[in-house]
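Turn these sequences into a full structure, and let the hints guide you.
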Amino acid sequence: MADKPKVAFYWCASCGGCEEAVVDLAEGILDVIAAVDIVFWPVALDFKVRDVKELPDESITVSFINGAVRLSEQEEMARLLRRKSKFVIAFGSCSHMGGVPGLANLWDRASIFAWYYHDAPSVAPGNVREPREHVRVPEGTLELPAFWDTVKTLDQVIDVDYYLPGCPPTPKLLADAVGVLLRGDLPPKGSVLAGTRALCHECPLNESKPEKLLLKDIRRVHLTKVDPEKCLLAQGLLCLGPVTRGGCEALCVKGNMPCTGCFGPTDEVRDQGAKGIAYVSSILDFDEEADIERALANVPDPVGTFYRYSLPRAYLMRTRKVMPHA
Amino acid sequence: MMQTEEFQPRIVAFVCNWCTYIAADAAGVARARYSPNVRLIRTMCSGRVDPQFVLGAFEKGADGVLLCGCHPRDCHYSVGNYKALRRYKLLKKMLSQMGFEDDRFRLEWISASEAEKFRKVVEDMTERVRRLGPFKPNGSSTPNGGK
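Just so you know, the sequences run in chain order A and B. Residues in the first sequence are numbered consecutively from 13, following my numbering. Residues in the second sequence are numbered consecutively from 4, following my numbering.
Keep in mind that the hints were calculated from the coordinates and are not lab data. Just so you know, these numbers come straight off a predicted model, no measurement behind them. Be aware that one or more of the hints could be misleading.
[Said to hold, decoys possible] As a list, the in silico PhoX-like pairs of lysine-lysine whose alpha-carbon atoms are at most 20 angstroms apart: (1) B/Lys95 x B/Lys63; (2) A/Lys333 x B/Lys96; (3) B/Lys95 x A/Lys333.
Here you go:
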């Protein structure tokens with residue numbers, strides 16, 4: 013019993029979908045539990061931070077940490093788990109690249125607080141309150157974590173051994189990763205535990221992709237009747253498959269939704285958004301400025317399109333100037 | 004002694020081997036005087052310039068990036084400059100969404116014979132970027148990072 017490897021799960025700035033991915037192992041989770049001791053999993057099990065603090069350093073075999081880092085508390089927990097763990101795996105897009113919460117880097121703390129606690133239409137007049145880090149009450153001082161301007165990836169805060177990409181990672185990838193760790197069959201540090209080639213290689217629609225793909229029109233998915241038998245790009249939908257790491261077995265494409273890039277870029281690419289721009293521009297079949305601009309009007313949100321999961325990991329990880337809320 | 008030093012912007016220029024690089028060379032041969040703020044990086048074609056190069060230049064400390072290629076219909080590889088134009092348009096759109104000043108990133112068509120245009124573009128861009136001041140990548144908008 014005492015010899016079983018110890019495993020911890022933790023979440024930072026995330027939606028909870030990654031926790032759900034663990035639960036999605038379904039009966040498989042029984043095999044995991046048979047093989048390991050879960051020593052910390054705030055979402056599902058009643059452990060306290062003090063339980064982790066009391067463990068000897070490096071006594072946890074592996075910690076799976078999902079979510080981006082946006083609060084001081086998240087950084088503290090990440091550091092604590094780093095100290096207590098042999099391996100830390102950044103679990104899911106947010107932890108890997110910042111994820112959807114990372115798009116908040118288009119704003120900063122002041123503008124986010126101004127909108128959500130003051131100006132948003134859903135704030136009742138007279139009910140204006142802002143979270144404060146310290147509040148004095150008769151019994152003492154209450155503390156809240158600090159909220160930063162910039163959302164960070166996990167590896168911008170602590171040393172990360174491996175990455176499990178995806179929004180969320182698929183149960184298969186998680187099971188494979190656990191298997192790899194338990195067998196001690198370790199890939200090089202820093203590896204992303206998914207495919208190494210672009211998603212198109214494993215996409216069932218790849219065969220219907222024309223030899224030379226040129227777009228006359230970029231179409232938006234909610235305005236398009238999708239043909240499930242034909243390459244989505246060939247239908248004018250901005251599928252990021254060609255510039256996204258494979259490993260998910262084209263789950264979204266199988267559901268008639270173009271790939272939005274949650275597995276991040278392949279190993280060769282440093283900046284996912286820049287690569288997305290390079291690729292879309294390459295297949296747009298216009299040479300005149302006016303035509304190009306007209307076609308690009310259907311990409312109203314380039315940051316949200318090409319950096320949907322990876323703004324904090326980009327060369328330029330935050331906005332230069334905060335724009336007003338839409 | 005207490006003179007305030009004028010800000011000297013660092014501008015990275017990606018120039019096409021077949022046109023702007025020759026124009027820059029010609030400007031040099033003709034001893035044209037222009038700002039020393041521009042660092043030339045020769046590429047075989049403006050279409051070779053990956054948006055990663057542009058963003059990477061900013062991250063590594065460039066205050067401005069200039070992308071130069073052959074005039075439309077003059078590309079040595081027939082379509083590379085159109086590719087550069089499309090990338091420029093989309094990248095520019097994204098950068099403006101990120102609050103980027105327009106003058107920090109610029110596309111110009113400069114043929115091999117346009118040494119004077121090269122000189123003017125460099126002078127003009129240096130001045131514009133100088134007015135914008137240094138580019139600080141990834142800095143928070145508040146001094147303590149919102150902490």
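Results for each hint:
Distance restraint check for B/Lys95 and B/Lys63: the Cα-Cα separation of roughly 19 angstroms lies within the 20 angstroms cut-off, and the hinted pair is therefore satisfied. About 15 angstroms separates the Cα atoms of A/Lys333 and B/Lys96, which keeps this hinted pair within 20 angstroms; it holds. Straight-line distance between C-alpha atoms of B/Lys95 and A/Lys333 comes to about 15 angstroms, which keeps the hinted pair within the 20 angstroms bound.
Hint violations for this structure: none, all hints satisfied.
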